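**Student:** Below are the chains, spelled out letter by letter.
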Amino acid sequence: QQQVKQSPQSLIVQKGGISIINCAYENTAFDYFPWYQQFPGKGPALLIAIRPDVSEKKEGRFTISFNKSAKQFSLHIMDSQPGDSATYFCAASGTSGSARQLTFGSGTQLTVLP
Amino acid sequence: DAGVIQSPRHEVTEMGQEVTLRCKPISGHDYLFWYRQTMMRGLELLIYFNNNVPIDDSGMPEDRFSAKMPNASFSTLKIQPSEPRDSAVYFCASSFGTGGTGELFFGEGSRLTVL
Chain Y
1 QQQVKQSPQS LIVQKGGISI INCAYENTAF DYFPWYQQFP GKGPALLIAI RPDVSEKKEG
61 RFTISFNKSA KQFSLHIMDS QPGDSATYFC AASGTSGSAR QLTFGSGTQL TVLP
Chain L
1 DAGVIQSPRH EVTEMGQEVT LRCKPISGHD YLFWYRQTMM RGLELLIYFN NNVPIDDSGM
61 PEDRFSAKMP NASFSTLKIQ PSEPRDSAVY FCASSFGTGG TGELFFGEGS RLTVL
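Chains as they are written, first to last, in my numbering: chain Y, 1 to 114; chain L, 1 to 115.
Simulated from the structure, these hints should not be mistaken for lab results.
Don't take each hint at face value.
Pairwise CB distance ranges, derived in the manner of DEER restraints [said to hold, decoys possible]:
id, chain 1, residue 1, chain 2, residue 2, range
1, Y, G17, L, Q17, 45 to 51 Å
2, Y, N22, L, T113, 47 to 53 Å
3, Y, S96, L, Q17, 21 to 27 Å
4, L, T20, Y, A70, 43 to 49 Å
5, Y, A70, L, E18, 44 to 50 Å
6, L, S73, Y, K15, 19 to 25 Å
7, Y, K71, L, R85, 41 to 47 Å
8, L, G97, Y, F39, 24 to 30 Å
9, L, D30, Y, K5, 39 to 45 Å
10, Y, A70, L, M15, 45 to 51 Å
11, Y, T95, L, S58, 17 to 23 Å
None of the values given here were measured: they were computed from a predicted structure.
Quick reminder that beta carbons are idealized off the backbone N, C-alpha and C, glycines included.
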């Protein structure tokens with residue numbers, strides 16, 4: 001119930017390409033879905049987040065797509081750049097019970113080739 | 001403003017020794033979280049505090065682990081005795097007002113190696 005399943009584990013994209021990372025969840029109590037970006041030797045940092053009242057949220061080159069009926073959400077990075085090379089974590093949380101705190105996906109290591 | 005500050009950044013110790021990790025959250029934040037990151041298990045929530053009070057420690061792996069928050073600006077995570085399987089990066093994070101449903105600010109982590 002608490003799991004957030006993330007795929008792929010690793011992703012290699014050419015500069016200028018589109019990077020797509022997918023996540024799926026089971027707990028219908030989740031109502032907050034952030035993505036965190038982590039560079040080597042650093043802590044994760046919030047990249048973008050969505051709540052289920054919208055199906056898409058865009059911030060610059062980063063877009064979250066959300067499918068409530070399928071219980072899936074994804075991160076799209078347009079025009080991927082070498083500086084985007086990092087580990088990306090999806091996460092989910094809700095407002096009640098054990099869902100109150102963030103549950104993280106397993107992470108996707110993105111490499112953008114120059 | 002300074003972010004979440006953790007110390008030490010790196011710790012190498014021998015099995016059986018006591019390890020103490022320290023965290024200074026962002027001033028004004030009322031939630032503090034301790035996470036552990038490993039390749040095998042990813043990011044795991046160990047314990048979190050609200051207004052210095054431990055709320056949920058169900059993620060603490062065993063009695064060898066303990067955490068305290070004596071005041072709003074300081075928290076410790078202690079492992080006694082340490083074991084090789086405790087080797088991981090330990091992150092402290094803080095947030096304001098929203099617990100897990102808002103932005104968490106992470107420190108840079110403490111990399112622990114237990115030989």
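**Student:** Against which earlier hints does the structure fall short, listed by number upward?
**Tutor:** Of the numbered hints given earlier, those the structure breaks are 2, 3, 6, 7 and 9, listed in rising order.
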